[in-house]
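Number of protein chains: 2
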Amino acid sequence: MKSLVNVLADGTYSMDKEDLLCYGYDASGIDMSPSAVVWPTNTAQICKLMQFAYQNDIKIIPRGAGTGLTGGAVPSADSIIMSFEKMNRIIEVDTRNLNVVVEPGVINADLQRALKDQGYFYPPDPASLNICTIGGNVAENAGGPRALKYGVTRDYVMQLEAVLPDGRVIRTGVQTKKSVVGYDLTRLLVGSEGTLAVITKVRLKVIPVPDNVITLLAAFSSLEHAGKSVARIIGDGIIPRTMELMDRMTLSAVNKYKNVGFPEDIDAMLLIEIDGNAKAIAADVDKAGNICSGFQGKVKIAEEAASRELLWEARRSVSPALYKISPTKINEDVVVPVTKVPELLAGLQSLSESSGVPIACFGHAGDGNIHVNIMTDKSDKQSYEEAEKLVRKTFKLTLELGGSISGEHGIGLTKSKYIDMELDSVNLEIMRGVKRLFDTKNILNPGKIFPPAGVDVR
Amino acid sequence: MKSLVNVLADGTYSMDKEDLLCYGYDASGIDMSPSAVVWPTNTAQICKLMQFAYQNDIKIIPRGAGTGLTGGAVPSADSIIMSFEKMNRIIEVDTRNLNVVVEPGVINADLQRALKDQGYFYPPDPASLNICTIGGNVAENAGGPRALKYGVTRDYVMQLEAVLPDGRVIRTGVQTKKSVVGYDLTRLLVGSEGTLAVITKVRLKVIPVPDNVITLLAAFSSLEHAGKSVARIIGDGIIPRTMELMDRMTLSAVNKYKNVGFPEDIDAMLLIEIDGNAKAIAADVDKAGNICSGFQGKVKIAEEAASRELLWEARRSVSPALYKISPTKINEDVVVPVTKVPELLAGLQSLSESSGVPIACFGHAGDGNIHVNIMTDKSDKQSYEEAEKLVRKTFKLTLELGGSISGEHGIGLTKSKYIDMELDSVNLEIMRGVKRLFDTKNILNPGKIFPPAGVDVR
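Taken in order, these protein sequences are the chains called A and B.
Residue numbers for the first sequence follow this note's numbering, so the first one is 259 and each next one is one higher.
Residue numbers for the second sequence follow this note's numbering, so the first one is 259 and each next one is one higher.
A few of these clues could be false.
As the list claims (entries may be wrong) - Straight-line C-alpha distance at most 27 Å; calculated BS3-like pairs for lysine-lysine:
no.: 1; chain 1: A; residue 1: Lys306; chain 2: A; residue 2: Lys344
no.: 2; chain 1: B; residue 1: Lys537; chain 2: A; residue 2: Lys374
no.: 3; chain 1: A; residue 1: Lys537; chain 2: B; residue 2: Lys407
no.: 4; chain 1: B; residue 1: Lys407; chain 2: A; residue 2: Lys459
no.: 5; chain 1: B; residue 1: Lys516; chain 2: B; residue 2: Lys556
no.: 6; chain 1: A; residue 1: Lys545; chain 2: B; residue 2: Lys537
Unchecked claim - If you want the footprint, here are the derived chain A segments under chain B, 3+ residues with CB under 8 Å:
no.: 7; stretch: 353 to 365
no.: 8; stretch: 437 to 449
no.: 9; stretch: 655 to 663
no.: 10; stretch: 686 to 692
Source of the hints: derived by calculation from the structure; they are not laboratory data.
Beta carbons: idealized from backbone N, C-alpha and C, even for Gly.
Please model the complete structure; the sequences and the hints are all you need to start from.
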């Protein structure tokens, strides 16, 4: 690694123990010390570094803010972490053409703030939006509550500049809303979890802020009824911008963590937001409210912006809050067709009951995306093994319901041993071929996505 | 080809001269006789046929309705055309989960009709929607007027079943709105123009029909003013569902062809549709109308459904109408950022004036997608050569304005020699790698997209 000095100017990299420690883990909880951390400041530097890595067979792990929950940014042994903190410029805001150009290290919320004043927004809003970066969002195809109405990161990426493992720059996509010129390499890179190329610049679509938003809170004494309300609302042709579910355990954890005063004597709460023209949405708000009432939900409207923001702060604190109530939580992120949400919730409840392992469910119920949190204790071997068995059972249930084992967190390290439950050998063969095509030497974020060697592929 | 008999049951293929003639061309005007035409009725048959083709190095050309304008469905020498007329079932309409499953031969308008009664629609609406098929739409990533607000085919494809060149079935994507499980092979296949795999089944997202739609007609005595109105409307944060432009030559051609009574003493017309809640859109209609008036446009509102349908019939007849006023038309399909539409139109006008070759412009101005029709006569060598030079100049102008050389028609055969104007050698190298990965033997729609051998890559 000494020759790194020849590749990068002083000060843009570190091999200090403290840095290696700080960049050795992500929100998955897995850690592994890298050999070095580099903070590139521009694309040319990244090209130089990748050439160096390519020639010397050094593994490079691109890293956003490390908020990923599947270990996508965790180092391999003897690897260099490439962190984008110094590439955080918003290069261009072009509202007249409805797009922006940013460096990968721009924090999602910073982009939101820059746009808000001009009356525009960038819809993807992962719960970690105050920390997570656009580069990481693109690599993981991040979602968030608003994905229900507005779609995921993939739907907003227009152009990418990226550096290939051999150090060459590739520019994909167009700055127009349409184009059919060769294969869609842009969307091949979106969600590729840093395994194909290092993203160095992103052009994102933005849209005008809707005039109004109304927030509904519906409290249910039955989780099943909450799930049925969700399915009915979508089935009746109402597309809220968000429809978030929190179960009893989640509500209690958030109250303890944030003291927001959520009711605790209920089994589930739905947080529904409908946006658009005031008159247009009034009818939808009524309909959605009536559907919830029909399933014995108690419905309240949060009129003021301030109280809405409090609700969202509470919602975004769910993940950290759950960490507080149990020594270990296994965080899964499954998604099913929205009509199957009640069955998924019921199935999870019975898995929890039969195993005696608590499961907390919350998430983006409106698009069928439920974050399943299996509460356990890593230090108690037997209980942890029991909990781990539940992961496979959760995925099996999800797939039987026509779902997918990862709605928005990606596969990374933690799910790679399960990927063959969803993808057959033909898919995996083609995907491995794509990986080889881009990364012949397997130096870019190796070991992510694909099942580790020695793991039986069904 | 005799052994085809062993592969397919009698009656599902033909080597009759009449059939070879009928399936030997598409809307690009290029023709070439295939060796046979097959009409598979199910996926298993396609697998058998592809295995046969793979073992015997026979070229297979998948074909929808042949409405493509770049020759994507034109046979190669000694190839078999695979036509999907007999695979035209709508397999499932699941409005509660907002999606449908169809076979590739389903006609776009048939799907629209099936959905309409239930209050849903499938947004992509190419002008050929009464003939063109979903399989072809997916292969070409088709757009249409409504793409302005609702996006293109890519944005609606959730799952694909396809047969690889070696005869194996691949199933990509998920039936949920989200998923991050490996690389996005679904969108890699969308827009791949039948060169990677044969699409055999498609799950498409559908959305509820908006409550209301208002149609505005704005007549301008200056093409530039029409272009500026388009840019201003989008820049002001109004997103109509369509914003179609027709220039003087286009209006006159349509009048001759359909006798719809479009005004002819004007230089351009905009056909704008704004949809949504009645009260919500009224404000946008006013704003859009005022912007057009501000550029001296004469604005009229088409209130009735019947008169609106007439307008759209007229709009959809533009392409055939233009064929009537000139022996040959070279049909291009460029797209620029919407703020650049006025510059593009002005540039095209000056190209036409300096060359003496008439150019008719129409298309989806709201998303910057202009169909550029260079009017010429193939039998007049000199005039045709002059016209062909304009193609390259049109693309050069488009790319200088930050645009793309194909908005929605693909590359096929007719644009393959220009693709390197837009894509650099790194992009082409990776794309060729993708082609080789899927189609090692180059038997699936060979010769499409990529520059022909012997053509200088810049």
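Taking the hints in turn, this is what the structure says about them:
1. A:Lys306 with A:Lys344: holds (17 Å)
2. B:Lys537 with A:Lys374: holds (25 Å)
3. A:Lys537 with B:Lys407: Measuring from Cα to Cα gives roughly 21 Å; hence the hint holds.
4. B:Lys407 with A:Lys459: holds (26 Å)
5. B:Lys516 with B:Lys556: holds (23 Å)
6. A:Lys545 with B:Lys537: holds (18 Å)
7. 353 to 365: holds (count 4)
8. 437 to 449: Coverage by chain B holds here, the residue count being 11 at a Cβ distance below 8 Å.
9. 655 to 663: Held - the stretch 655 to 663 of chain A has 4 residues with a Cβ nearer than 8 Å to chain B, which meets the minimum of three.
10. 686 to 692: Holds: 5 residues of the stretch 686 to 692 of chain A have a Cβ under 8 Å from chain B.
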